[in-house]
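Numbering-wise (this note's numbering), the sequence shown opens with residue -5 and increments by one.
Incorrect hints may have been included.
[What the hints assert, rightly or not] Now the in silico label distances, taken between C-beta atoms and shown as ranges:
| id | residue 1 | residue 2 | range |
| --- | --- | --- | --- |
| 1 | Leu37 | Thr79 | 31 to 37 Å |
| 2 | Glu111 | Thr74 | 16 to 22 Å |
| 3 | Leu114 | Lys46 | 27 to 33 Å |
| 4 | Glu111 | Thr83 | 42 to 48 Å |
| 5 | Pro33 | Glu111 | 46 to 52 Å |
| 6 | Glu72 | Glu116 | 37 to 43 Å |
| 7 | Pro102 | Leu37 | 36 to 42 Å |
| 8 | Thr112 | Asp141 | 26 to 32 Å |
| 9 | Thr90 | Ser51 | 25 to 31 Å |
[Unchecked claim] With a cut-off of at most 30 Å between alpha-carbon atoms, the simulated DSBU-like pairs for lysine-lysine come out as follows:
| id | residue 1 | residue 2 |
| --- | --- | --- |
| 10 | Lys106 | Lys142 |
| 11 | Lys106 | Lys78 |
| 12 | Lys71 | Lys142 |
| 13 | Lys67 | Lys26 |
| 14 | Lys26 | Lys142 |
| 15 | Lys56 | Lys67 |
| 16 | Lys78 | Lys46 |
| 17 | Lys67 | Lys46 |
| 18 | Lys78 | Lys56 |
| 19 | Lys78 | Lys142 |
| 20 | Lys67 | Lys78 |
| 21 | Lys46 | Lys26 |
| 22 | Lys106 | Lys26 |
| 23 | Lys46 | Lys106 |
| 24 | Lys46 | Lys56 |
| 25 | Lys26 | Lys78 |
| 26 | Lys26 | Lys56 |
Source of the hints: derived by calculation from the structure; they are not laboratory data. Where a beta carbon is used, it is the ideal one built from N, C-alpha and C, also for glycine.
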Amino acid sequence: MKYFIFIVIFLLLFSINAYAKDYVIGDGDSIKISVWGNPELSLDTRVRPDGKIAIPSVGEIKASGLTPMELTKVLEKEMTRVVKTPIVTVIVTDITNYRIFVFGKGAPAGMKTLSRETTLLEFLSQLGSLEKSRSGKRISRKRQEEDKERVLSII
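Go ahead and model the full structure; you've got the sequences and the hints to work with.
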């Protein structure tokens, strides 16, 4: 049996809006908040390292860990103090961190979070030394594209 190391990467680079209902907002992500009929409450903002965003007239709201739809509901509830019936839209405009799932012999299994600037070589070096095998090794990348999953063998 061959020795396999799988690195599974789910990136939402090209279809952020298509996967927005499943995407979980993280620290450093940029989001656009639009409030219909109230442009003074609409803004573009970045999620702070503490996971919060600041909304004028509303205050600080925890955004990290929520999907855009969940954040929309939280904002609509909080904005009822300022607007009678707020209609809010949340769009993730820039993803800063990506979730990577690692499993296989010789690598610490689990979910890792990488910044956009991290290369594959840097990531592999962060994992530490991988066990040697006579039967070879394989690294592959999986990406969700619209309604199908695409697998790319790297090594």
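Going down the list of hints, with the structure as the test:
1. A hinted range of 31 to 37 Å for the beta carbons of Leu37 and Thr79 is inconsistent with their spacing of about 20 Å.
2. Taking the beta carbon of each, Glu111 and Thr74 are about 40 Å apart, not inside 16 to 22 Å as hinted.
3. Checking the proposed 27 to 33 Å range against Leu114 and Lys46 shows it holds: the Cβ atoms sit about 32 Å from each other.
4. Taken as a hint, the range 42 to 48 Å is violated for the pair Glu111 and Thr83, whose Cβ atoms sit roughly 29 Å apart.
5. Between Pro33 and Glu111 the beta carbon distance is about 34 Å. The supplied range of 46 to 52 Å is therefore violated.
6. A C-beta distance of roughly 39 Å is found between Glu72 and Glu116, which places it inside the suggested range of 37 to 43 Å.
7. Hint check: Pro102 to Leu37, Cβ distance near 39 Å, so the stated range 36 to 42 Å holds.
8. For the pair Thr112 and Asp141, the beta carbons lie near 28 Å from each other, so the given range of 26 to 32 Å is met.
9. Checked against the hint of 25 to 31 Å, the C-beta distance between Thr90 and Ser51 comes to roughly 26 Å, which is consistent with it.
10. Straight-line distance between C-alpha atoms of Lys106 and Lys142 comes to about 23 Å, which keeps the hinted pair within the 30 Å bound.
11. For the hint linking Lys106 to Lys78, the alpha-carbon distance of about 42 Å lies beyond 30 Å, and the restraint is violated.
12. Of the pairs offered as hints, the one joining Lys71 and Lys142 is violated, with about 35 Å between alpha carbons and a cut-off of 30 Å exceeded.
13. With a CA separation close to 15 Å, the supplied pair Lys67 and Lys26 stays within the 30 Å bound.
14. Of the supplied pair hints, the one linking Lys26 and Lys142 holds, its CA atoms being roughly 28 Å apart against a limit of 30 Å.
15. Taken as a hint, the Lys56 and Lys67 pair is honoured in the structure, with Cα atoms around 12 Å apart against an allowance of 30 Å.
16. Distance restraint check for Lys78 and Lys46: the Cα-Cα separation of roughly 24 Å lies within the 30 Å cut-off, and the hinted pair is therefore satisfied.
17. Between Lys67 and Lys46 the alpha-carbon distance is near 15 Å, which keeps this suggested pair within the 30 Å criterion.
18. With a C-alpha separation of about 22 Å, the suggested pair Lys78 and Lys56 falls inside the 30 Å cut-off, and the hint holds.
19. Restraint check for Lys78 and Lys142: not satisfied, since their Cα atoms lie roughly 42 Å apart, outside the 30 Å limit.
20. At most 30 Å may separate the alpha-carbon atoms for a hinted pair to count; Lys67 and Lys78 meet this at roughly 15 Å.
21. As the CA atoms of Lys46 and Lys26 are separated by approximately 14 Å, the hinted pair is consistent with the 30 Å bound.
22. This hinted pair checks out: Lys106 and Lys26 have alpha carbons roughly 26 Å apart, not beyond 30 Å.
23. Between the alpha carbons of Lys46 and Lys106 the distance comes to roughly 21 Å, so the proposed pair stays at or under 30 Å and holds.
24. In summary, the hint linking Lys46 to Lys56 is supported, as the alpha carbons are separated by about 4 Å, within the 30 Å threshold.
25. Note on Lys26 and Lys78: the hinted pairing holds, with a Cα-Cα distance of about 21 Å set against a maximum of 30 Å.
26. Between Lys26 and Lys56 the CA atoms are separated by roughly 15 Å; this keeps the pair inside 30 Å, and the hint holds.
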